[in-house]
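In order, the protein sequences belong to chains R and L. Going by the numbering used here, the residue at position 111 of the first sequence is 117; the numbering climbs one at a time, nothing skipped. Going by the numbering used here, the residue at position 240 of the second sequence is 673; the numbering climbs one at a time, nothing skipped.
Please keep in mind that the hints were generated in silico from the structure rather than gathered at the bench. Glycine is no exception: its CB is placed at the ideal position from the N, C-alpha and C atoms. Do not take every clue at face value.
Looking from chain R toward chain L, a few residues come up when the C-beta cut is under 8 Å (computed) [stated by the list, open to error]:
#1 Gly49
#2 Val78
#3 Trp124
#4 Arg126
Per the computed footprint, the stretches of chain L lying under chain R, defined by three or more beta-carbons under 8 Å from a beta-carbon of chain R, are [stated by the list, open to error]:
#5 545 to 553
#6 596 to 602
#7 619 to 625
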Amino acid sequence: MTANRPAVVVRGLHRAYGDRSVIHNLDLQIWHGEFVVLLGESGCGKTTLLRALAGLDPIDGGQIQGPARPAVVFQEHRLLPWDSLWQNVALGLNGKDNHARAAAALQEVGLGDRLDDWPRNLSGGQAQRVALARALVQEPRLLLLDEPFAALDALTRIKMQLLVKQLVAKHQPGVLLVTHDVDEAIVLGDRALVMRSGSIAREYAVSAQARSHRSHPDAVALRDRLLAELGISAEAAPA
Amino acid sequence: MLGLLSWLVPAAMVLVWEGFARLGSLPPHILPAPSKVAMTGFTLLMNGTLLPDMGISLLRAATGFAVGGLMGFAFGILVGFSRIAGALLDRTILMLRAIPFLAVLPLVIVWLGIGESAKVFLVAFGVAFPIYMNTVLGIRQVDPKLVELGRVIGLSNWRLIRRIILPGALPSILNGVRYALATAWLALVVAETIAASSGIGFLAMDAREFLRTDVIVLVIVIYAVIGVVADSLAKLLERRLLAWHPNYASGTRR
Numbered sequence: 007m008t009a010n011r012p013a014v015v016v017r018g019l020h021r022a023y024g025d026r027s028v029i030h031n032l033d034l035q036i037w038h039g040e041f042v043v044l045l046g047e048s049g050c051g052k053t054t055l056l057r058a059l060a061g062l063d064p065i066d067g068g069q070i071q072g073p074a075r076p077a078v079v080f081q082e083h084r085l086l087p088w089d090s091l092w093q094n095v096a097l098g099l100n101g102k103d104n105h106a107r108a109a110a111a112l113q114e115v116g117l118g119d120r121l122d123d124w125p126r127n128l129s130g131g132q133a134q135r136v137a138l139a140r141a142l143v144q145e146p147r148l149l150l151l152d153e154p155f156a157a158l159d160a161l162t163r164i165k166m167q168l169l170v171k172q173l174v175a176k177h178q179p180g181v182l183l184v185t186h187d188v189d190e191a192i193v194l195g196d197r198a199l200v201m202r203s204g205s206i207a208r209e210y211a212v213s214a215q216a217r218s219h220r221s222h223p224d225a226v227a228l229r230d231r232l233l234a235e236l237g238i239s240a241e242a243a244p245a
Numbered sequence: 434m435l436g437l438l439s440w441l442v443p444a445a446m447v448l449v450w451e452g453f454a455r456l457g458s459l460p461p462h463i464l465p466a467p468s469k470v471a472m473t474g475f476t477l478l479m480n481g482t483l484l485p486d487m488g489i490s491l492l493r494a495a496t497g498f499a500v501g502g503l504m505g506f507a508f509g510i511l512v513g514f515s516r517i518a519g520a521l522l523d524r525t526i527l528m529l530r531a532i533p534f535l536a537v538l539p540l541v542i543v544w545l546g547i548g549e550s551a552k553v554f555l556v557a558f559g560v561a562f563p564i565y566m567n568t569v570l571g572i573r574q575v576d577p578k579l580v581e582l583g584r585v586i587g588l589s590n591w592r593l594i595r596r597i598i599l600p601g602a603l604p605s606i607l608n609g610v611r612y613a614l615a616t617a618w619l620a621l622v623v624a625e626t627i628a629a630s631s632g633i634g635f636l637a638m639d640a641r642e643f644l645r646t647d648v649i650v651l652v653i654v655i656y657a658v659i660g661v662v663a664d665s666l667a668k669l670l671e672r673r674l675l676a677w678h679p680n681y682a683s684g685t686r687r
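Just chain R, with the same shape it has in the complex (with noise of 0.2 Å):
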């Protein structure tokens, strides 16, 4: 699964905002073709961390070698609702062949047949994997995403993060995955990494059984572990 080339590589990462640190001296190496899902709790810097990746706010301090313009997938769609799914997924493209490019991007996710719809037009599932598919056109290095499911129903997400899975097999970039869900993190990830305080906290490899099977014991048992990290007893935790 890991290629021999890393996607991005984070060395001694610090971001502060005012005199607050959010993130320091913080490490991260993601391999071309993994996954890697990042766990924590609201206010640990995950998603601090992903916008410093993705170009979106300075750094204060370390420095990050990746691609330039990773592709991200943010929580809500972000969709432009005066242009048709297939101008969408289109938007960062600079080619002739743009249509023809976002065509088969769309019919990947299973909207083709849809490609002069407006975005209002769709569910909230639907309109998430047009933002899928306009990341993946871009053929990105580097995949950021951000609590993409997050606002999806318990049926969507699950169809959602085995396309995501698909997509990203297929596509080999690296992948990093922001969630709260350590169902998800277990299921879609090479990689699982806990962030606390700014910094990963723990670190952890999901095994492939784990990661194909929702209730083989590698599987509990890695759940009950991330969740204690995250502050909950394997005995409070619903199976």
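Position chain L against the provided structure of chain R, taking the given hints into account.
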């Protein structure tokens, strides 16, 4: 059915008006019968005096609208985008806007006389401000999350403006256009009524000299009709350009 019903009252009023005029209880020099106004309109149309004057009036309105609209739009874009331009210009423009635009008319006549440029100036002056205000407002109201998306996806400044900021500001800008159309029309009526030697306003003032109330009423009706037509065109433009917008859409695309 309800649409038809809404025409009942205006139709009845015209009938009553016609009735009183026919019975002689409404003297023609006070208010002529609607049929008389219609006849006058037909006569003026046929003898070729009405259309040239209407053309002149429309040309004045269009020229003033174009000049004022472009000025308002240009300054609106400048101030909407640039904080420095905003700090430098916004207060001045808002102070000018505080002047009721009709109040500058005497000054305009002193500066420019009563020729075409005075009328075009007055129309432009009235039009520029609503377009300016709504352009600035529209640009500032564009969803910052969409702008951020444009940055992430690597749009150049120019493409960011064209793909995200202008479309996002368009509903507000078009709102300004509709408001400005009404202002332009009002400015024109005033300018033509006070000082003109052609145009439909002149037609009305000329008719006043001869107590031709039928011509005066005709001109009032023409002003009203053109105003309604202009507003409908603006609405049509909104429906075309804002087909994506749930508030303007006349049905879904699929």
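Taking the hints in turn, this is what the structure says about them:
Interface restraint check: glycine 49 of chain R against chain L, minimum CB-CB distance 20 Å, threshold 8 Å, status violated. Restraint check, valine 78 of chain R versus chain L: the minimum CB separation of about 5 Å is within 8 Å; hint holds. Because the smallest distance between the Cβ of tryptophan 124 of chain R and any Cβ of chain L comes to about 5 Å, under 8 Å, the interface hint for this residue holds. Restraint check, arginine 126 of chain R versus chain L: the minimum CB separation of about 6 Å is within 8 Å; hint holds.
By the rule of at least three residues with a Cβ nearer than 8 Å to a Cβ of chain R, the coverage given for the segment 545 to 553 of chain L is violated, with 0 such residues. Residues of the segment 596 to 602 of chain L with a Cβ under 8 Å from some Cβ of chain R number 4, which satisfies the need for three, so the listed coverage holds. Three residues within the 8 Å Cβ limit are the bar, and the segment 619 to 625 of chain L against chain R gives 0, so the coverage statement is violated.
In summary, the numbered hints that this structure violates are 1, 5 and 7.
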